[in-house]
Amino acid sequence: MRVQTDGTGGLRHLISLDGLTREMLMAILDRAESYRRFPGQPAYEGRELAGVTLANLFFEPSTRTRASFDLASRRLGAHVINLDLQSSSRAKGETMLDTIYTLEAMNTDIFVIRDSEPGLPEFLMDHAAPHVSVISAGEAHVSHPTQGLLDVLTIRSHRRRFAGLKVAIVGDIRHSRVARSTARALKTLGTTDLRLVAPQPLLPEEDEFAGALRFTRVEDGITGADVIMMLRIQKERMAQAALLDDQAYFREYGLDARRVKLASPDVLVMHPGPMNRGVEIASDVADGPHSVIREQVNNGVAVRMAVLACIAATLTRHRKPL
Amino acid sequence: MRVQTDGTGGLRHLISLDGLTREMLMAILDRAESYRRFPGQPAYEGRELAGVTLANLFFEPSTRTRASFDLASRRLGAHVINLDLQSSSRAKGETMLDTIYTLEAMNTDIFVIRDSEPGLPEFLMDHAAPHVSVISAGEAHVSHPTQGLLDVLTIRSHRRRFAGLKVAIVGDIRHSRVARSTARALKTLGTTDLRLVAPQPLLPEEDEFAGALRFTRVEDGITGADVIMMLRIQKERMAQAALLDDQAYFREYGLDARRVKLASPDVLVMHPGPMNRGVEIASDVADGPHSVIREQVNNGVAVRMAVLACIAATLTRHRKPL
Amino acid sequence: MRVQTDGTGGLRHLISLDGLTREMLMAILDRAESYRRFPGQPAYEGRELAGVTLANLFFEPSTRTRASFDLASRRLGAHVINLDLQSSSRAKGETMLDTIYTLEAMNTDIFVIRDSEPGLPEFLMDHAAPHVSVISAGEAHVSHPTQGLLDVLTIRSHRRRFAGLKVAIVGDIRHSRVARSTARALKTLGTTDLRLVAPQPLLPEEDEFAGALRFTRVEDGITGADVIMMLRIQKERMAQAALLDDQAYFREYGLDARRVKLASPDVLVMHPGPMNRGVEIASDVADGPHSVIREQVNNGVAVRMAVLACIAATLTRHRKPL
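Chains as they are written, first to last, in the numbering used here: chain L, 1 to 322; chain P, 1 to 322; chain B, 1 to 322.
One or more hints might be untrue.
Same chains, same names: a pair is fine if it fits in one copy or spans any two.
Stated by the list, open to error - Straight-line alpha carbon distances no greater than 25 Å define the calculated SDA-like cross-link-like pairs of lysine to any residue that follow: (1) K320 x G77; (2) K320 x A210; (3) K187 x R174; (4) K166 x D256; (5) K320 x G46; (6) K320 x R74; (7) K187 x R217; (8) K320 x E33; (9) K187 x D256; (10) K166 x R2; (11) K320 x V292; (12) K320 x G288; (13) K261 x H158; (14) K320 x G190; (15) K166 x A128; (16) K320 x R47; (17) K320 x D287; (18) K320 x R37; (19) K166 x R232; (20) K320 x H290; (21) K187 x R161; (22) K187 x R2; (23) K261 x E60; (24) K187 x F38; (25) K320 x E117; (26) K320 x S291; (27) K261 x P130; (28) K320 x S157.
These are computed hints drawn from the structure, not numbers from a lab. All of these numbers come straight from a predicted model, not from anything done at the bench.
Just chain L, same shape as in the assembly:
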């Protein structure tokens, strides 16, 4: 577990939610709420990142997460560089480090990294200059901390407390960074009743998600749930695991209106997107009264603004005088 705060407890990096206290999470969520504007309201615009340069380094394409970080940064006044990079070479670590040094030398303050392989965010955090921050925007199956934060912000907006909440995560949990980060955030905030629902090959290793119950039958896992989080099913992995085709998956695990009725009457239906409608979730459920899927997206920008503003405040304390 890496220390991501500076000596005074200020947030410096965010590559994982491990080790962040309940107080820090709640402070980020509070700040996110202050930035949140619902669709149809004018977006919040501020100067919290004035004079800050942020580089989005995406080794894995992502329209949604990149747009979210891009808008969050610019609405707070940052200069943003978007770089799409090839993640081919074995020597990526070292080459990447020279790219980071180069951008640092151009007075880049914050690096947002997304990568399909594990290790790069921590590697860069270990090598970054003292006045530079690293944020993960998704690291392999390991971590997606801002997604974890936006998920708990969405839940907090609808439920008074995290303790006593029954949360079911359904889908390819084994390969999901979202599931890991959200489970981590829920645990820190006091949720103890977590249920993992997936076909056996898509459940995580036994030593992960300590304390969670595991189910291979979706009806068993979601009965009485206060929150159901559906995960995207990636066809490539389904094929590799010689699993189910789309129709069969939907029949066995897809969240349709009939199954929603098994959950709590005011269950929240969540999905990190992008959705495969008709595969893991029925279209009418995705757009239905229990769905908070678009709220999640809205909260995503607010959470990223909050994280960036916290980090910028920390960086300011570490800046060299002119």
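Given chain L's structure and the hints, the job is docking chains P and B onto it.
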């Protein structure tokens, strides 16, 4: 014909020039003139789009139109997201809708859409939230409303009235969204003498361009014309239609200095760009004294600023209070 | 040699360092120093380019140089358009000219061009409107003026005078635009002792780099040097020239700690980047106490800001009144 205005007559969407009144067109052109700055003058900069987020969704690559919308938006203070998207899948409509919902949830206010297939702008307009606008930046062969507006703005800058004007459009009219939108704008503004000039397979269907005269011999069509609008010839289509090669096309239909002499002595030569010099237009004509081709580009930015400013004013009235 | 200044001596274009006086170079370096902020300091932000539109036209991909120009422009308040363009067609000149005319008509003021073939910057400079500027961001093997400027700024920050300085350039000088521009700047500023070190096939033609000494043995070239500038070795060219593989090149020409000891005790080690660690330079030298490689990057942004600010001041004098 879709209603593109709100209850008070304010412009809300712009996916077609159909149904826009003469008064509304003139108001947009007037506003565009107030934004227009000629090359060598500093560009107009304003705050009409302050707090507005605009997404450029281009399913069809376009350096020129995208740069024009991008600059128009940013010079009025908007935040701009540029997305280049794949237009492959049959399910584009539905997937696209989720992309729109996602960007809406990030407080995107205006969507600028360009697509080589018909239907997406209207589909999105039908599904957009009440505080969201859709602008077409080119839809298949159907419509290119801002191009139509910049064309009539260019003509209005040089001619007192639209009534009585003789306008010849020459080239691949059958596949041209520019021809359709410009013809629509001209008709609304009072031009009745429109001539369509093309090889037979490139003329539009008989029930289109009502009232226009049709010519297959260029000399017949342009004689006495006050305006000649040349269209880009796309080689792929020429080949498919087993038509003419470049040299033969230029010989039969290309606008050279000799042919310009058949038109009115102060004829305006126009082209929406990009040009194939030596195919549909001779280089010396493109750069010659009758050419207003670069003025069209200049007017393009001004017209897009005007449309965006009108729409932003309408959106402001529909925004939810904080 | 093209005149790149206007009638009053103001900088108008920058496609080469030829013909720029010592006074002009020193004025640019002075201004660059005023813009320079070291990593960890907040970047300089100003309004010197307010109302200016700049287009980055990159026919050759370049993450570093483009990010440097992009940040330099935006930190001074410009609107920036980034265009990645295909450099395939034989007719590039003419098509390119129409692209330039189009962007000019959109009130673009400054064009930054990078191209792997020679000729385009001068061609565009010859055809640009009087209120438009052209800056080269790297032209084939010919010229890379802002790199030359950042190199001499880096040297000036550490050495009192250019006269009497011993400078060794090591590597593929034959194909290097950096070597040509930096040698030009050094000569203008008074450095007479320039040493070129490379395998015979990578040394330049005899009539280039007048007055420079040539060496094929690296130890001979760098002994006593005050500055060693290492150049990137491109494997494609090595293979074409049936030269050395990476290990053999490093053994014969690579700058390692042992070789650094042959130079002046306070030698500056420079590299324009991106580096091939273990090929032309040892990793510990690149990161060692003599290395000013990251300072070069930092100075790169400052120099580009200075060039842009000088050019914008000139353009302002040539602007048409409203």
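Consistency of the hints with the structure:
1. K320 x G77: both (21 Å within a copy, 24 Å between copies)
2. K320 x A210: Neither: 43 Å inside a chain and 44 Å across chains, both beyond 25 Å.
3. K187 x R174: within (18 Å within a copy, 62 Å between copies)
4. K166 x D256: within (19 Å within a copy, 61 Å between copies)
5. K320 x G46: both (24 Å within a copy, 20 Å between copies)
6. K320 x R74: Intra 24 Å, inter 22 Å, cutoff 25 Å: intra and inter.
7. K187 x R217: The answer is within: 24 Å in one copy meets 25 Å, while 64 Å across copies does not.
8. K320 x E33: between (32 Å within a copy, 17 Å between copies)
9. K187 x D256: neither (28 Å within a copy, 52 Å between copies)
10. K166 x R2: Neither way: K166 and R2 sit 29 Å apart in one copy and 47 Å across, limit 25 Å.
11. K320 x V292: For K320 and V292, only the inter-copy Cα distance (19 Å) is at most 25 Å; the intra-copy one is 44 Å.
12. K320 x G288: Classified as between: cross-chain Cα gap 22 Å, same-chain 52 Å, threshold 25 Å.
13. K261 x H158: within (19 Å within a copy, 68 Å between copies)
14. K320 x G190: Classified as neither: same-chain Cα gap 39 Å, cross-chain 35 Å, threshold 25 Å.
15. K166 x A128: Close neither inside one copy (40 Å) nor across copies (34 Å); limit 25 Å.
16. K320 x R47: both (20 Å within a copy, 23 Å between copies)
17. K320 x D287: between (50 Å within a copy, 21 Å between copies)
18. K320 x R37: Only across copies: K320 and R37 sit 10 Å apart there, 34 Å inside one copy, limit 25 Å.
19. K166 x R232: within (21 Å within a copy, 58 Å between copies)
20. K320 x H290: between (50 Å within a copy, 23 Å between copies)
21. K187 x R161: within (12 Å within a copy, 63 Å between copies)
22. K187 x R2: within (18 Å within a copy, 51 Å between copies)
23. K261 x E60: neither (37 Å within a copy, 43 Å between copies)
24. K187 x F38: neither (28 Å within a copy, 42 Å between copies)
25. K320 x E117: neither (34 Å within a copy, 42 Å between copies)
26. K320 x S291: between (47 Å within a copy, 21 Å between copies)
27. K261 x P130: neither (52 Å within a copy, 31 Å between copies)
28. K320 x S157: Between copies, since 19 Å is at most 25 Å while 39 Å is not.
In summary, the structure is inconsistent with hints 2, 9, 10, 14, 15, 23, 24, 25 and 27 from the numbered list given earlier, while agreeing with the others.
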